[in-house]
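First residue of the sequence shown? That's 1 in this note's numbering, and the numbers climb one at a time after it.
What the hints contain is simulated information worked out from the structure, not anything from laboratory work. It cannot be assumed that every hint is accurate.
[As the list claims (entries may be wrong)] Below, simulated EDC-like cross-link-like pairs (lysine to aspartate or glutamate); rule was C-alpha separation at most 16 Å, straight line:
id: 1; residue 1: K351; residue 2: E326
id: 2; residue 1: K232; residue 2: D196
id: 3; residue 1: K343; residue 2: E18
id: 4; residue 1: K235; residue 2: D267
id: 5; residue 1: K226; residue 2: D267
id: 6; residue 1: K54; residue 2: D267
id: 7; residue 1: K52; residue 2: E392
id: 8; residue 1: K226; residue 2: E188
id: 9; residue 1: K315; residue 2: E326
id: 10; residue 1: K226; residue 2: E307
id: 11; residue 1: K336; residue 2: D151
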Amino acid sequence: MLAKEYVDMLSQKSVIREISAYGTERAKEIGYENVFDYSLGNPSVPVPEEFKNKIIEILQTQDPMTVHGYSPSLGISSVRQAVADSLNRRFHMNYKMEHIFMTSAAASAIAHALRAVTIPGDELLVFAPYFSEYVPYVNKTGTRLRVVPADTQGFQINFQALDDMMNEKVTAVLVNTPNNPSGCVYSEETLQKLSDYLKDKEQKYSHPIYLISDEPYREIVFAGVKAPYVAKYYKNTLTCYSFSKSVSLPGERIGYLAVAPECEGADILVDMCGQISRGIGHNCPSSLIQLALPSVLDITSDLSVYEANKNILYKELTNMGFECVEPGGTFYMFPKSLEKDAKAFCNKALKYDLLLVPGDGFECCGHFRMAYCIPTEKVERSLEAFEKLVKEY
Numbered sequence: 001m002l003a004k005e006y007v008d009m010l011s012q013k014s015v016i017r018e019i020s021a022y023g024t025e026r027a028k029e030i031g032y033e034n035v036f037d038y039s040l041g042n043p044s045v046p047v048p049e050e051f052k053n054k055i056i057e058i059l060q061t062q063d064p065m066t067v068h069g070y071s072p073s074l075g076i077s078s079v080r081q082a083v084a085d086s087l088n089r090r091f092h093m094n095y096k097m098e099h100i101f102m103t104s105a106a107a108s109a110i111a112h113a114l115r116a117v118t119i120p121g122d123e124l125l126v127f128a129p130y131f132s133e134y135v136p137y138v139n140k141t142g143t144r145l146r147v148v149p150a151d152t153q154g155f156q157i158n159f160q161a162l163d164d165m166m167n168e169k170v171t172a173v174l175v176n177t178p179n180n181p182s183g184c185v186y187s188e189e190t191l192q193k194l195s196d197y198l199k200d201k202e203q204k205y206s207h208p209i210y211l212i213s214d215e216p217y218r219e220i221v222f223a224g225v226k227a228p229y230v231a232k233y234y235k236n237t238l239t240c241y242s243f244s245k246s247v248s249l250p251g252e253r254i255g256y257l258a259v260a261p262e263c264e265g266a267d268i269l270v271d272m273c274g275q276i277s278r279g280i281g282h283n284c285p286s287s288l289i290q291l292a293l294p295s296v297l298d299i300t301s302d303l304s305v306y307e308a309n310k311n312i313l314y315k316e317l318t319n320m321g322f323e324c325v326e327p328g329g330t331f332y333m334f335p336k337s338l339e340k341d342a343k344a345f346c347n348k349a350l351k352y353d354l355l356l357v358p359g360d361g362f363e364c365c366g367h368f369r370m371a372y373c374i375p376t377e378k379v380e381r382s383l384e385a386f387e388k389l390v391k392e393y
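Let the sequences and hints guide you as you build the complete structure.
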């Protein structure tokens, strides 16, 4: 018998993926260069040469049985230590190897974190706007996902709404900064206020409230913006990271879960993740990719194109009349649509081969997301299409 739960999900496919698939088919008709595809957050800059060179060196010099064999279930020890050392250098933390669990990018890190600190019946709070795939991530654990309404003035945290929704069943809070889809970065003030708030609620309810921090865009921050390291502000933090964005490795599916050293359960949480893997079939990421990671732990790809694209789009779209909170990082922008129904707005945009994602799936209606990780010349050519779209309004 087919599993009805997953059959039902066939009618709830990712809007982002469906728009991207439309763009692929449309490109066959009119040429890729004529489709202004702002749908999918797929990095558009090459991986650093250091990574490529390290891969070649490993393949040419190391024992093939090591390179292509299974890694330990928690990850290769030397790589885990290298990750800990890098975090300590850059963020003045005191991680040890025992606090690092290697994963198949941030999605896997979140999947493990959720299962480690929640049980069926618990509640988890997330702040709108949020990455829409959090819904299946959380729902598959038996935990109830509840969405705190957005602060649309600055896309920081709506603390009044948070307080209205907080209760003793909440055992975890999921944050994403720099944020997909808004591009906004939580300020030091916001994170300190959140830390103080959660500490107070932990005392009130007599149980820990874990902060799961999804940070794949941590290194994509623009001039004049600071991206504070979340775990420095709150001890019960589980940091979920991916190298997909910072060094353009989405296809390699590599990342880690870092348990803050003073976190409650820090002595066993990573070992628990190894057991969680047995239940979800994770079975550790590629040995070859893990071995190459130390070459890029303290560097990034050339990310400057993302800021260049942001500057062009923010200036030109606001001049056209769009309202938008200026992104502080990532490669996303989240303007207000020119009509209340963002889905209708995005459908009209297709007439001009502009592929935009309505904000409904991010629990923030009346906005649309643009993933501007595309060539700058294409961004510039898309402006004429935006002007035509604006004239309809």
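Structure-based check of each hint:
no.	hint	result
1	K351 x E326	violated (26 Å)
2	K232 x D196	holds (13 Å)
3	K343 x E18	holds (14 Å)
4	K235 x D267	holds (14 Å)
5	K226 x D267	violated (31 Å)
6	K54 x D267	violated (33 Å)
7	K52 x E392	violated (48 Å)
8	K226 x E188	holds (8 Å)
9	K315 x E326	holds (9 Å)
10	K226 x E307	holds (14 Å)
11	K336 x D151	holds (13 Å)
The earlier numbered hints that this structure contradicts are 1, 5, 6, 7.
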